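K.L.:
Residue 90 in this note's numbering sits at position 90 of the sequence shown; the count goes up by one each step and never skips.
Just so you know, these hints were derived from the structure itself, not from any lab. Since this is a predicted model, take the numbers as computed values, not measurements. A hint or two may mislead.
Cβ-Cβ distance ranges computed for the label pairs, FRET-style [unchecked claim]:
id: 1; residue 1: E1; residue 2: S162; range: 26 to 34 Å
id: 2; residue 1: Q100; residue 2: S162; range: 30 to 38 Å
id: 3; residue 1: D122; residue 2: G69; range: 35 to 43 Å
id: 4; residue 1: Q63; residue 2: E132; range: 39 to 47 Å
id: 5; residue 1: L35; residue 2: A9; range: 22 to 30 Å
id: 6; residue 1: Q13; residue 2: R146; range: 34 to 42 Å
Positions of the beta carbon are idealized from the N, C-alpha and C atoms, including for glycine.
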Amino acid sequence: ESAAAMAAAAVDQLGGIDLLVNNAAIYGGMEIDLLLTVDWDYYRRFMAVNMDGALVCIRACWQAMAARGGGAIVNQSSTAAWLYAGFYGLAKVGINGLTQQLAHELGGSGIRINAIAPGPTDTEATRSTVPESIVKDLVKGLAIKRQGTPDDMANMLLFLLSDEASWITGHIFNVDGGQVVRG
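Construct the entire structure; sequences and hints are all you get.
P.N.:
So, in structure tokens, the structure goes:
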């Protein structure tokens, strides 16, 4: 309901919807547990926000985008989709599949959809969730020996939303300092 209200307000107040960024997530203060032992209610709430929320927002916005001749969507994934990361990684695998499936479903309406997959990024959420010793170990394994910054993510996001990316859809872009290629 709130996503539909958001989309309706954008159409009423701004004249339509051209761009959508799905960035909502439970991350800061996230519970860390195995898939086999995570509390089921927490898991369902986590997946509802981290995976299902993107689809809810896309479903609320795509018709308004199509009515304007298309648009661009960027979903927030994570390198956790490629590396073992429990249910957080599983949610991001879901985002990647959603991105690729919807590229086919929305392309005919002129809507492009991609995802960015940040690696270790220096944010308040990371500082409150990941112990500093683990962050240091992660950075040691990166090709570029530093954490990413919000600006690193924003620059890729802005490119994917721009007309310069007009023939790019269905891709997941690792913005990760070489984390995935170094594995």
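K.L.:
The structure should be examined with respect to each hint, and the outcome stated for every one.
P.N.:
These are the hints, each one checked on the structure:
1. Our hint of 26 to 34 Å for E1 and S162 holds, since their Cβ atoms are close to 31 Å apart.
2. A hinted range of 30 to 38 Å is violated for the C-beta pair Q100 and S162, which are about 21 Å apart.
3. Restraint check, D122 to G69: a C-beta distance of roughly 38 Å satisfies the suggested window 35 to 43 Å.
4. Against the hinted window of 39 to 47 Å, the Cβ-Cβ separation of Q63 and E132 comes to about 46 Å, which satisfies the hint.
5. As the Cβ distance of L35 to A9 is approximately 37 Å, the hint placing it in 22 to 30 Å is violated.
6. Against the hinted window of 34 to 42 Å, the Cβ-Cβ separation of Q13 and R146 comes to about 40 Å, which satisfies the hint.
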